[in-house]
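**Student:** For reference, each letter of the sequence shown is one residue, going 1 to 239 in our numbering.
Just so you know, the hints here were simulated from the structure itself, not pulled from any lab data.
We treat Cβ as the ideally placed atom computed from N, Cα and C, and that holds for glycine.
Mixed in with the good hints there might be a few duds.
[What the hints assert, rightly or not] Restricting the straight-line Cα-Cα distance to at most 16 Å, the calculated cross-link-like pairs of lysine to aspartate or glutamate (EDC-like) are:
| hint | residue 1 | residue 2 |
| --- | --- | --- |
| 1 | K184 | D202 |
| 2 | K169 | E194 |
| 3 | K72 | E62 |
| 4 | K184 | E152 |
| 5 | K210 | D12 |
| 6 | K210 | D29 |
| 7 | K114 | D178 |
| 8 | K169 | E197 |
| 9 | K117 | E104 |
| 10 | K223 | D202 |
[Said to hold, decoys possible] Label-pair distances were calculated between CB atoms; the ranges are:
| hint | residue 1 | residue 2 | range |
| --- | --- | --- | --- |
| 11 | S21 | E62 | 14 to 22 Å |
| 12 | I112 | D86 | 16 to 24 Å |
| 13 | G215 | R116 | 37 to 45 Å |
| 14 | S113 | H75 | 19 to 27 Å |
| 15 | S113 | G215 | 39 to 47 Å |
| 16 | D181 | Y17 | 31 to 39 Å |
| 17 | L56 | G105 | 33 to 41 Å |
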Amino acid sequence: MMEANTVIRARDISKAYSGSSALSGFNLDVHSGQIMGLIGPNGAGKSTFLQAVLGLVDTSGELEVLGLSPNKDRHELLSRVCSITDVAVMPRWMKVGQVLNYVEGVHPRFDISKARKILSNTNIKTSSRIRTLSRGMVVQLHLSIVMAIDAELLVLDEPTLGLDLSYRKEFYSQLIEDYFDGNKTIIISTHQVEEIEGVLSDVVFMDQGKEVMSGSIDELNQKFLELRPKAENLKRPKP
Numbered sequence: 001m002m003e004a005n006t007v008i009r010a011r012d013i014s015k016a017y018s019g020s021s022a023l024s025g026f027n028l029d030v031h032s033g034q035i036m037g038l039i040g041p042n043g044a045g046k047s048t049f050l051q052a053v054l055g056l057v058d059t060s061g062e063l064e065v066l067g068l069s070p071n072k073d074r075h076e077l078l079s080r081v082c083s084i085t086d087v088a089v090m091p092r093w094m095k096v097g098q099v100l101n102y103v104e105g106v107h108p109r110f111d112i113s114k115a116r117k118i119l120s121n122t123n124i125k126t127s128s129r130i131r132t133l134s135r136g137m138v139v140q141l142h143l144s145i146v147m148a149i150d151a152e153l154l155v156l157d158e159p160t161l162g163l164d165l166s167y168r169k170e171f172y173s174q175l176i177e178d179y180f181d182g183n184k185t186i187i188i189s190t191h192q193v194e195e196i197e198g199v200l201s202d203v204v205f206m207d208q209g210k211e212v213m214s215g216s217i218d219e220l221n222q223k224f225l226e227l228r229p230k231a232e233n234l235k236r237p238k239p
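Full structure from sequences and hints, please.
**Tutor:** Structure (structure tokens):
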């Protein structure tokens, strides 16, 4: 049974592909207002778990998202969730206005007027084709779409994979400043923890489909501080 403020509850989640284990007895609780990071190398199981959250893959174990079953209640669930996999990728032949119209057609909580208002403060025109936009503009377009969706849960699976460092930092800083209000919940997968550690409230380190370590950012920082040796205890190198 999920607690009132629990957004994701996963118990003993397992998934195998052709005999190879992608998730193995994975457990996770994500609560309202958290910005949770799933950190680990490629193949750690991060994307598989997020696909399970979105009802894209079947798994064994117990999984509830917003009190719903991702597989049985997928249509209702996706009306309350926003998902982005790679902000560097969009249909290059489409016009910006066509992208907005498409999102309006598939997501009931998308406010196209709000998205257009956000874009009016940028150099992006709705008549422009995606292929004419710089990478920075594509990031801005994605952000305008995210910020115009009144989603309870935002799922980001390696969202900045194809971007340079400056654009990755811009995406995360704008996401927190303009989207996150303390009531929404965000779960992010990445293997580049250094660029989002200042964004996260909590983190789970994964490897081979299992949790290696987890906790709040403050708790983990404190643990590493306690493990750091004192200067006076360090031996000087021999000349």
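**Student:** Any hints from earlier that this structure breaks? Give me their numbers in increasing order, please.
**Tutor:** Violated: hint 17 alone.
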